[in-house]
Amino acid sequence: MTRFLARRVVLSLVVVAGVVLLTFVIARIVPGDPATSWAGPHATAAEVAQARKHLGLNRPFIDQVGTYFRGIVVGRWGTSIHTHRPVLSDLKTVVPASLELVFAAILLAIAVGVPLGLLAARLRGRTTDHAVRAVAIVGVSMPIFWLALILQLVFFNQLHLLPVAGEYALRFQEHPVHAYTHFPVIDAALNGNWAMLGSSFSHLVLPACAVAAYPTGVIARMVRASVLDVAGETHVQMLRAFGFREGTIFNRFAMRLAWNPVAQVVALVFAYSLVNTFLVESIFDWPGLGSYAGESIIALDTPAIVGITLFVALVYVFVNLAVDLIQAALDPRIGLH
Amino acid sequence: MSVIEATALPGRTRNALAWMRANPLIAAGGFMVLVIVVVAIFAPLIAPYPGDAGYATHPLDIFKPPSTKHLFGTDNVGRDIFSRVVYGTRVSPLIALAVVAIASVVGVTVGLVAGFLGGIVDEILMRITDVFLAVPALLLALAFASVLPQSTGSTILAITISWWPWYARLARGEAASVSRRRYVETGRVLGLSRLRLLTRHVLPNATTPVLVQASLDFGGVILTAAALSFLGLGAQDPTPDWGLMVNEGRSFFQTYWWAVTFPGAAILFSAAAFNLLGDGLRDRLDPRRVVGR
Amino acid sequence: MSVSARVFGVSAVGAALLLVAGLAGSGAARAAGGSTFVYDSYTQVMINWDPATAYDQEQVALENMYETLTRFNPVTQKLEPLLATSWKKSQGGKVWTFNLRHGVKFHTGRPFNAQAAKAALLRMQKLNQAAAYAWSAVKSITTPTPYTLVLHLAYPQPMDLVSSAQYSGYMYDTKAAGKEDLTKWFNAGHEAGTGPYELQTAAPGQEVELTLKQFPGYWGGWKGKHYSSLVYRIVRQDSTALQLAKSGQVSFVQQISPQLWATVKGSPGLSTPTGGSFENLLIYLNTASGPLQNKAVRQAISDAIDYQGIVTALKGAAVRQPGIIPTGLFGHSSTVPLHQTNVDKAKQLLAGAGFGPGKPKITLNVTYTQGDSNEQLISTLMKSNLAPLNIDLNVTALTTSTKYAKARSTSPADRQDITFIYWYPDYPDPATWFISLLHTQNPPSFNFAYYSNKALDKQIDSIERITASNPAQAQKVYRQMEMTVYNDVPIISLYTVEKQRIVLNSVGGYRDNPAYTDVVFVYQLHPKA
Numbered sequence: 005m006t007r008f009l010a011r012r013v014v015l016s017l018v019v020v021a022g023v024v025l026l027t028f029v030i031a032r033i034v035p036g037d038p039a040t041s042w043a044g045p046h047a048t049a050a051e052v053a054q055a056r057k058h059l060g061l062n063r064p065f066i067d068q069v070g071t072y073f074r075g076i077v078v079g080r081w082g083t084s085i086h087t088h089r090p091v092l093s094d095l096k097t098v099v100p101a102s103l104e105l106v107f108a109a110i111l112l113a114i115a116v117g118v119p120l121g122l123l124a125a126r127l128r129g130r131t132t133d134h135a136v137r138a139v140a141i142v143g144v145s146m147p148i149f150w151l152a153l154i155l156q157l158v159f160f161n162q163l164h165l166l167p168v169a170g171e172y173a174l175r176f177q178e179h180p181v182h183a184y185t186h187f188p189v190i191d192a193a194l195n196g197n198w199a200m201l202g203s204s205f206s207h208l209v210l211p212a213c214a215v216a217a218y219p220t221g222v223i224a225r226m227v228r229a230s231v232l233d234v235a236g237e238t239h240v241q242m243l244r245a246f247g248f249r250e251g252t253i254f255n256r257f258a259m260r261l262a263w264n265p266v267a268q269v270v271a272l273v274f275a276y277s278l279v280n281t282f283l284v285e286s287i288f289d290w291p292g293l294g295s296y297a298g299e300s301i302i303a304l305d306t307p308a309i310v311g312i313t314l315f316v317a318l319v320y321v322f323v324n325l326a327v328d329l330i331q332a333a334l335d336p337r338i339g340l341h
Numbered sequence: 615m616s617v618i619e620a621t622a623l624p625g626r627t628r629n630a631l632a633w634m635r636a637n638p639l640i641a642a643g644g645f646m647v648l649v650i651v652v653v654a655i656f657a658p659l660i661a662p663y664p665g666d667a668g669y670a671t672h673p674l675d676i677f678k679p680p681s682t683k684h685l686f687g688t689d690n691v692g693r694d695i696f697s698r699v700v701y702g703t704r705v706s707p708l709i710a711l712a713v714v715a716i717a718s719v720v721g722v723t724v725g726l727v728a729g730f731l732g733g734i735v736d737e738i739l740m741r742i743t744d745v746f747l748a749v750p751a752l753l754l755a756l757a758f759a760s761v762l763p764q765s766t767g768s769t770i771l772a773i774t775i776s777w778w779p780w781y782a783r784l785a786r787g788e789a790a791s792v793s794r795r796r797y798v799e800t801g802r803v804l805g806l807s808r809l810r811l812l813t814r815h816v817l818p819n820a821t822t823p824v825l826v827q828a829s830l831d832f833g834g835v836i837l838t839a840a841a842l843s844f845l846g847l848g849a850q851d852p853t854p855d856w857g858l859m860v861n862e863g864r865s866f867f868q869t870y871w872w873a874v875t876f877p878g879a880a881i882l883f884s885a886a887a888f889n890l891l892g893d894g895l896r897d898r899l900d901p902r903r904v905v906g907r
Numbered sequence: 036m037s038v039s040a041r042v043f044g045v046s047a048v049g050a051a052l053l054l055v056a057g058l059a060g061s062g063a064a065r066a067a068g069g070s071t072f073v074y075d076s077y078t079q080v081m082i083n084w085d086p087a088t089a090y091d092q093e094q095v096a097l098e099n100m101y102e103t104l105t106r107f108n109p110v111t112q113k114l115e116p117l118l119a120t121s122w123k124k125s126q127g128g129k130v131w132t133f134n135l136r137h138g139v140k141f142h143t144g145r146p147f148n149a150q151a152a153k154a155a156l157l158r159m160q161k162l163n164q165a166a167a168y169a170w171s172a173v174k175s176i177t178t179p180t181p182y183t184l185v186l187h188l189a190y191p192q193p194m195d196l197v198s199s200a201q202y203s204g205y206m207y208d209t210k211a212a213g214k215e216d217l218t219k220w221f222n223a224g225h226e227a228g229t230g231p232y233e234l235q236t237a238a239p240g241q242e243v244e245l246t247l248k249q250f251p252g253y254w255g256g257w258k259g260k261h262y263s264s265l266v267y268r269i270v271r272q273d274s275t276a277l278q279l280a281k282s283g284q285v286s287f288v289q290q291i292s293p294q295l296w297a298t299v300k301g302s303p304g305l306s307t308p309t310g311g312s313f314e315n316l317l318i319y320l321n322t323a324s325g326p327l328q329n330k331a332v333r334q335a336i337s338d339a340i341d342y343q344g345i346v347t348a349l350k351g352a353a354v355r356q357p358g359i360i361p362t363g364l365f366g367h368s369s370t371v372p373l374h375q376t377n378v379d380k381a382k383q384l385l386a387g388a389g390f391g392p393g394k395p396k397i398t399l400n401v402t403y404t405q406g407d408s409n410e411q412l413i414s415t416l417m418k419s420n421l422a423p424l425n426i427d428l429n430v431t432a433l434t435t436s437t438k439y440a441k442a443r444s445t446s447p448a449d450r451q452d453i454t455f456i457y458w459y460p461d462y463p464d465p466a467t468w469f470i471s472l473l474h475t476q477n478p479p480s481f482n483f484a485y486y487s488n489k490a491l492d493k494q495i496d497s498i499e500r501i502t503a504s505n506p507a508q509a510q511k512v513y514r515q516m517e518m519t520v521y522n523d524v525p526i527i528s529l530y531t532v533e534k535q536r537i538v539l540n541s542v543g544g545y546r547d548n549p550a551y552t553d554v555v556f557v558y559q560l561h562p563k564a
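Residue numbers (this note's numbering), protein chains in the order written: chain A, 5 to 341; chain B, 615 to 907; chain C, 36 to 564.
In case anyone wonders, no lab produced these hints; they're calculated from the structure.
In this text, a Cβ means the ideal position worked out from N, Cα and C, and glycines have one as well.
Short, incomplete list of chain A residues facing chain C, as computed with Cβ under 7 Å:
#, residue
1, F160
2, A169
3, A303
Produce the complete structure using the sequences and hints provided.
Shown next, in the form of structure tokens:
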């Protein structure tokens with residue numbers, strides 16, 4: 005067990021190191037002139053020269069990699085070209101908004117996807133099953149930026165129901181609430197500011213629905229597949245032989261065992277949804293990672309793009325590791341695999 | 615002879631119908647893919663204004679709503695959206711084809727080598743794939759596309775970079791399991807060359823799962839390419855790329871809804887077509903694999 | 036009932052509750068407005084924070100934080116007192132005496148007086164950027180009393196008009212940064228003006244880029260109804276801007292696609308004022324490097340553009356005019372020929388230069404400002420116009436400052452071949468088009484055609500003096516300069532902008548002031564119920 009954990013942690017560290025190396029390649033090797041790309045198009049000749057020196061482009065390759073690693077470890081992720089601030093502090097500013105969006109979307113996806121998957125598995129091969137699978141496939145095939153636009157068209161333009169832009173109405177900026185979590189929905193509730201809670205909630209609905217399309221489809225498919233998988237296993241068939249009713253087997257045993265792969269897939273879609281916010285945030289003017297990425301792209305802001313890539317990869321590795329460790333703690337069999 | 619055929623045909627048709635009823639998803643997917651292929655081949659005959667998929671513009675016909683003349687309306691420079699959507703079947707599905715082809719060849723090669731050789735080579739190659747898999751495909755493609763010059767070639771390259779490791783993992787798994795099988799071990803003992811073993815025994819076994827994966831990936835690659843174009847990192851105007859068309863139309867979509875609705879629906883249609891087909895194929899050919907990406 | 040059905044039921048109810056809560060919340064959001072004025076811009080506002088050298092879109096914010104000595108009133112067509120309460124000229128316009136307002140404070144707390152004004156002007160002259168050219172006649176500045184500012188000129192200039200200009204005439208506290216470098220201090224996101232609103236927060240690159248609040252020590256006082264704060268919100272998508280205006284979340288939309296603007300007319304709660312302007316959209320052609328170095332290729336491009344198509348596509352937001360000086364300004368000449376579409380002539384010119392159909396392809400890099408749907412539209416149309424001539428445009432959308440950075444790149448190979456700029460006069464005078472855009476500049480500040488013509492430079496250098504001494508002669512020189520531009524094609528003037536705004540009906544007292552492009556003087560407005 006301990007060996008399993010240790011191996012898992014060490015492997016994660018290796019992957020993180022590899023990702024840092026990969027971002028090094030993107031920042032320093034792919035662009036024609038890394039110094040110009042790093043200093044940004046605003047840069048004067050002196051600034052480019054400074055960047056060249058900072059990046060150590062005349063030093064041996066291995067030295068450059070070393071310096072780059074050290075910089076990442078001590079938190080020097082470069083300076084964003086379009087905000088003139090350190091990339092890391094920019095990320096600190098924008099990430100909470102995206103996390104709020106992704107958490108909301110994943111909750112929504114679980115709330116819809118799990119029941120759908122169970123339903124399909126229970127009624128395998130019937131019309132309901134086919135319908136659920138079709139819905140799930142539409143979910144994973146959805147261009148979510150398009151879905152976001154269509155949602156706006158329907159709920160704002162036609163029905164005049166939901167707001168379209170921002171995290172909450174601008175007037176709440178005049179009297180900011182105390183930020184416990186930096187999630188406006190939760191902060192507003194903790195502060196007892198019900199008007200702001202309503203406002204931030206209504207702003208959250210449409211973008212969360214758009215981001216939820218993909219995880220809903222994936223979760224529904226995964227739940228269906230892993231329940232069927234478990235239901236076919238020997239010990240479950242034995243239960244059948246003991247005369248347990250199909251419903252009981254399904255509810256008591258199969259669902260519980262199917263939980264592990266589902267947890268893993270949630271971890272997977274978490275990181276993917278974080279990236280999917282890139283396609284939705286600019287449509288809803290959501291002030292998060294995606295809007296930051298969009299601005300970085302049109303400002304040719306290489307340090308910011310590299311920082312975003314690194315950040316999301318770290319989140320992904322960490323979430324995966326956490327899920328593995330939690331599962332190992334709950335289910336001792338895992339360490340044996 | 616002819617009598618037998620006459621009675622056999624309806625039987626076959628009946629069988630086909632029964633099969634379709636039992637596999638409605640794969641049937642629907644197959645039909646949708648067929649539609650895309652046919653439209654792509656006959657685009658010049660189907661599109662009423664082929665020039666609008668190219669450099670033509672019509673300032674006098676800006677944002678005409680859908681009508682019999684312009685089935686899907688016109689865009690912000692007066693081009694017929696239906697013609698552009700039709701020609702779009704020649705853009706992202708082809709990008710997807712290129713990406714899947716290159717990624718599977720590269721990935722399978724790496725995977726077979728790793729799985730067959732095992733040991734340190736295997737460990738190193740698999741850790742490399744881990745690194746690539748730790749960055750969501752869209753983000754990695756986006757990062758590469760942002761530092762590469764803007765072109766269709768760059769789009770293909772950027773997506774391929776983020777896609778090959780999946781094939782490597784897959785092929786490596788197959789190779790590892792096959793190479794431990796008795797007949798391969800025997801072959802090794804008998805002194806058959808490694809290359810011969812790889813190509814004769816390991817590769818054929820890996821083909822089915824790779825093909826299933828490839829068919830599943832088509833939809834994902836179409837979505838990724840569309841997302842890159844939507845972010846302004848993919849194809850350039852006037853390429854009739856659906857993602858780009860949504861991007862160009864989004865400034866106006868609430869008033870001129872048709873400018874984004876139809877190209878976006880085309881993305882959904884084609885991604886769903888390949889996902890349905892891939893899903894169905896996987897169910898039939900490789901039921902162990904449960905979830906794509 | 037199975038577990039799955041139960042789970043399904045519970046989550047369905049949960050989702051329904053979420054939706055209801057969301058809808059209830061949106062009702063509350065609808066009532067927004069308060070006394071915050073929200074200015075919607077399609078692109079970043081603050082490009083340069085230094086009031087002495089700022090020369091771009093930032094004036095829409097600076098004019099609310101800083102003040103000038105005088106201000107032009109578009110209704111009376113007269114200058115009004117601002118930081119100067121009265122002024123007079125003597126010695127035939129070569130000496131100007133401004134009596135300054137008492138009791139004015141900078142946002143830094145220091146008092147505004149003649150010494151402070153002199154320091155601000157001297158620094159502006161020393162940096163010699165933006166509209167500093169308009170002050171180049173000023174030889175010396177004296178301060179006979181603490182509230183008297185005297186300008187001594189080398190030749191007569193309308194300094195009352197110059198000091199009302201939307202650039203370079205701002206009064207700012209030169210001691211604001213203490214021992215630090217003032218330029219750096221400004222560009223770190225600070226201001227030091229006397230205006231009614233002071234900076235509260237600045238977030239470059241974010242959607243809410245700037246928040247300004249009332250300056251309690253403002254000399255004009257805060258009696259009566261005023262907006263308590265002022266927000267600059269960057270909305271890159273026209274469709275979002277329209278939605279925000281319709282739901283009352285922005286008070287003013289600076290520019291929106293004419294296709295969308297036309298659909299807003301008659302919407303409840305919104306008004307759609309229009310107004311002429313002295314602003315035109317110019318196309319720069321890179322005369323220093325790449326295929327456009329060749330004059331024949333530039334001429335071919337000017338012949339290939341479908342001007343009528345562009346104007347038609349822009350539905351009333353664009354008016355074609357000859358020359359680069361807009362109609363109504365001194366120096367405009369109606370006898371300068373208008374560029375006409377003539378594809379055959381374009382083909383001939385290209386053939387002469389060894390290009391065109393069947394010959395080597397020309398690929399040109401074009402940059403435009405992300406969020407400006409008009410520039411995007413024009414790029415697409417031009418691409419379409421030029422394709423039959425075997426010229427391909429490689430179009431990139433960038434933020435304003437990235438676009439400029441590329442244009443100012445130290446290496447000519449990194450610069451674009453074609454880009455766009457909106458240009459308008461700093462004060463009602465045409466010299467800026469030539470001084471700022473066409474005079475030899477090394478390094479380039481706004482001459483993104485990288486045009487260098489010694490004869491033209493000479494004419495530009497003397498035009499201000501000639502205007503002061505002999506207007507009729509100046510008119511002739513302007514026409515000659517226009518002809519040089521017409522023949523050499525470093526710049527093509529596409530059209531003059533017809534402003535199409537969206538303003539909330541709850542904004543009281545709004546009036547466009549064409550002398551201050553896109554500026555809303557929020558102090559003069561009042562929120563209505």
